[in-house]
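Student: As a plain string of letters, each chain reads:
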Amino acid sequence: MNPWLFAALALLPGFLACGVVLWRATLINTVVALNLAGVLATLEFALLAEGFQNTTFFELALVLAVLTPAGSLVFLRFLERWV
Amino acid sequence: MSATDQDARRQRRERVLTSIIFVLVWVILMLGWWMMIVDSPAYPEVLAGLAAAVIASLFVLAVHLQPGARFRPRLRWLLWLRRIPSGALRDSALLLAVLWRRLARQERPQSAFRVVRFPTGGDDPESAARRAFATAATAIAPNTYVIGFDRERGVALVHQLVPDPPDQARRSVVGAESA
Amino acid sequence: MTWQEIAAIALLAIGVVLELLACLGVLVMNTVYDRLHYAGLASLLGPIAIAAAVLLVEAVSMAGIQMILLTATLVVSGPIITHATARTARVRQLGRWEPQPDEHIEEV
Numbered sequence: 001m002n003p004w005l006f007a008a009l010a011l012l013p014g015f016l017a018c019g020v021v022l023w024r025a026t027l028i029n030t031v032v033a034l035n036l037a038g039v040l041a042t043l044e045f046a047l048l049a050e051g052f053q054n055t056t057f058f059e060l061a062l063v064l065a066v067l068t069p070a071g072s073l074v075f076l077r078f079l080e081r082w083v
Numbered sequence: 084m085s086a087t088d089q090d091a092r093r094q095r096r097e098r099v100l101t102s103i104i105f106v107l108v109w110v111i112l113m114l115g116w117w118m119m120i121v122d123s124p125a126y127p128e129v130l131a132g133l134a135a136a137v138i139a140s141l142f143v144l145a146v147h148l149q150p151g152a153r154f155r156p157r158l159r160w161l162l163w164l165r166r167i168p169s170g171a172l173r174d175s176a177l178l179l180a181v182l183w184r185r186l187a188r189q190e191r192p193q194s195a196f197r198v199v200r201f202p203t204g205g206d207d208p209e210s211a212a213r214r215a216f217a218t219a220a221t222a223i224a225p226n227t228y229v230i231g232f233d234r235e236r237g238v239a240l241v242h243q244l245v246p247d248p249p250d251q252a253r254r255s256v257v258g259a260e261s262a
Numbered sequence: 263m264t265w266q267e268i269a270a271i272a273l274l275a276i277g278v279v280l281e282l283l284a285c286l287g288v289l290v291m292n293t294v295y296d297r298l299h300y301a302g303l304a305s306l307l308g309p310i311a312i313a314a315a316v317l318l319v320e321a322v323s324m325a326g327i328q329m330i331l332l333t334a335t336l337v338v339s340g341p342i343i344t345h346a347t348a349r350t351a352r353v354r355q356l357g358r359w360e361p362q363p364d365e366h367i368e369e370v
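Protein chains in written order, with the working numbering: chain W, 1 to 83; chain G, 84 to 262; chain F, 263 to 370.
Warning: the hint list may mix true and false statements.
[Unchecked claim] Which residues of chain W face chain F? A few of them, derived with a C-beta cut under 7 Å, are:
{"id": "1", "residue": "M1"}
{"id": "2", "residue": "P3"}
{"id": "3", "residue": "G14"}
{"id": "4", "residue": "A17"}
{"id": "5", "residue": "N29"}
{"id": "6", "residue": "N35"}
{"id": "7", "residue": "V39"}
{"id": "8", "residue": "G51"}
{"id": "9", "residue": "L60"}
{"id": "10", "residue": "A61"}
{"id": "11", "residue": "G71"}
{"id": "12", "residue": "V74"}
{"id": "13", "residue": "L79"}
[Said to hold, decoys possible] From chain G, some residues computed to sit far from chain F (all C-beta separations above 10 Å):
{"id": "14", "residue": "A86"}
{"id": "15", "residue": "D88"}
{"id": "16", "residue": "W109"}
{"id": "17", "residue": "I111"}
{"id": "18", "residue": "G151"}
{"id": "19", "residue": "S210"}
{"id": "20", "residue": "N226"}
Just so you know, these hints were derived from the structure itself, not from any lab.
Positions of the beta carbon are idealized from the N, C-alpha and C atoms, including for glycine.
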């Protein structure tokens with residue numbers, strides 16, 4: 001166990017907060033929680049990359065950082081026009 | 084061939100040349116990004132990156148050719164970013180204070196929409212770039228974000244978690260004070 | 263333990279705490295507009311602090327460069343998503359995002 005893995009563990013309760021909002025709040029609020037969960041997942045991958053000294057996880061984190069907002073924009077497009 | 088036909092042909096050639104240069108620049112940038120991510124000079128990686136870069140660049144060109152999707156930012160706008168680091172720290176402290184009051188005293192934030200005078204401009208690429216730049220840069224300091232620009236009234240609609248005094252609210256919207 | 267490692271641990275702790283506080287803010291706020299401020303906070307100081315911690319340990323290596331790119335992506339995309347979400351919320355709520363006369367929004 002090193003500080004990076006400990007930080008990755010400490011960040012996990014953030015997903016719980018996102019989960020509660022996803023479960024209880026209205027549709028538009030769930031997009032906020034979904035995007036926040038994506039940011040947390042990106043940081044988790046970065047912390048795991050450093051904790052396990054495996055740079056492959058940094059590439060995963062970078063791809064997630066780019067795709068999370070793209071996915072959110074798709075949801076928002078639908079919510080604005082069709083749902 | 085008439086002078087008008089010759090002009091039209093010359094303009095078409097210029098447009099094709101501009102598009103080719105545009106795609107080449109984007110291919111180089113994206114291939115560079117790819118090589119930075121994969122960190123391997125292996126031949127299959129370079130080929131895969133080149134293929135992905137070409138496809139992506141063609142999509143960028145398709146968007147660029149749409150009317151209203153052109154931007155012409157100005158380098159001097161970067162000067163507007165000088166207040167952002169201090170603004171970001173200040174706003175983060177404000178948000179944490181609001182969170183504390185919410186948790187400790189059940190106080191709801193006095194958040195509000197504000198309408199801020201802004202040089203919205205028209206459909207030209209520079210005005211479009213100014214509005215996009217202001218939207219992206221304003222929300223870096225998290226107390227304020229832009230919702231949209233009303234071009235008829237020349238204003239920006241923003242939301243603030245902690246409403247600032249009018250002068251500070253105008254300064255919070257990047258580019259508003261250049262009016 | 264070197265001073266870099268101590269500073270990296272401190273920055274890591276700050277980053278994680280800020281992220282958790284931003285998540286708490288999203289949880290306890292009542293409206294989407296208020297929640298968006300905390301979602302924006304999560305894309306800013308937390309990633310920057312964690313990136314600084316990584317750079318202290320890794321310096322300008324491939325890992326450090328990738329961390330810089332990752333952080334820059336989060337910092338730039340956060341405001342864009344905030345803007346798009348707020349606009350969509352107003353359109354869903356009011357039919358259009360523009361300020362309405364009966365809202366009496368203060369002009370500054």
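Student: Now tell me, hint by hint, if it's right for this structure.
Tutor: Taking the hints in turn, this is what the structure says about them:
The beta carbon of M1 of chain W comes no nearer than 13 Å to any beta carbon in chain F, farther than 7 Å, and the hint placing it at the interface is violated. The restraint placing P3 of chain W at the interface with chain F holds, with a minimum CB-CB distance near 5 Å, inside the 7 Å limit. A distance limit of 7 Å between C-beta atoms decides the matter here; for G14 of chain W the minimum to chain F is near 4 Å, and the interface restraint holds. The interface hint given for A17 of chain W holds, since its Cβ lies 4 Å from the closest Cβ of chain F, which is under the 7 Å cut-off.
Hint on N29 of chain W holds. Least Cβ distance to chain F is approximately 5 Å, under the 7 Å limit. Taking 7 Å as the C-beta cut-off, the interface hint given for N35 of chain W holds, the closest approach to chain F being about 5 Å. Hint status for V39 of chain W relative to chain F: holds, with the closest Cβ pair at about 5 Å, below 7 Å. About 11 Å separates the beta-carbon of G51 of chain W from the nearest beta-carbon of chain F, more than 7 Å, and the hint is not met.
Hint status for L60 of chain W: violated, given a least beta-carbon distance of 10 Å to chain F, over 7 Å. Look at A61 of chain W: its Cβ gets to within about 5 Å of chain F, closer than 7 Å, so that hint holds up. Evaluation of the G71 of chain W hint against chain F yields a violated restraint, the C-beta minimum of about 10 Å exceeding 7 Å. Evaluation of the V74 of chain W hint against chain F yields a violated restraint, the C-beta minimum of about 11 Å exceeding 7 Å.
At about 5 Å, the closest approach between the beta carbon of L79 of chain W and any beta carbon in chain F falls short of 7 Å, and the interface hint on this residue holds. The non-interface label for A86 of chain G is consistent with chain F: the shortest C-beta to C-beta separation is roughly 47 Å, beyond 10 Å. Even its closest Cβ contact with chain F, about 45 Å, leaves D88 of chain G beyond 10 Å, as expected for a residue assigned away from the interface. With a minimum CB-CB distance of about 17 Å to chain F, W109 of chain G clears the 10 Å threshold, and the non-interface call stands.
Residue-level check passed: I111 of chain G sits 17 Å from the nearest beta carbon of chain F, beyond 10 Å. For G151 of chain G, the shortest C-beta to C-beta distance to chain F comes to about 17 Å, beyond the 10 Å cut-off, and the non-interface label holds. Distance to chain F confirms S210 of chain G as a non-interface residue, since its nearest Cβ pair spans about 17 Å, more than 10 Å. Interface exclusion of N226 of chain G from chain F breaks down, the closest Cβ pair being 7 Å apart, not more than 10 Å.
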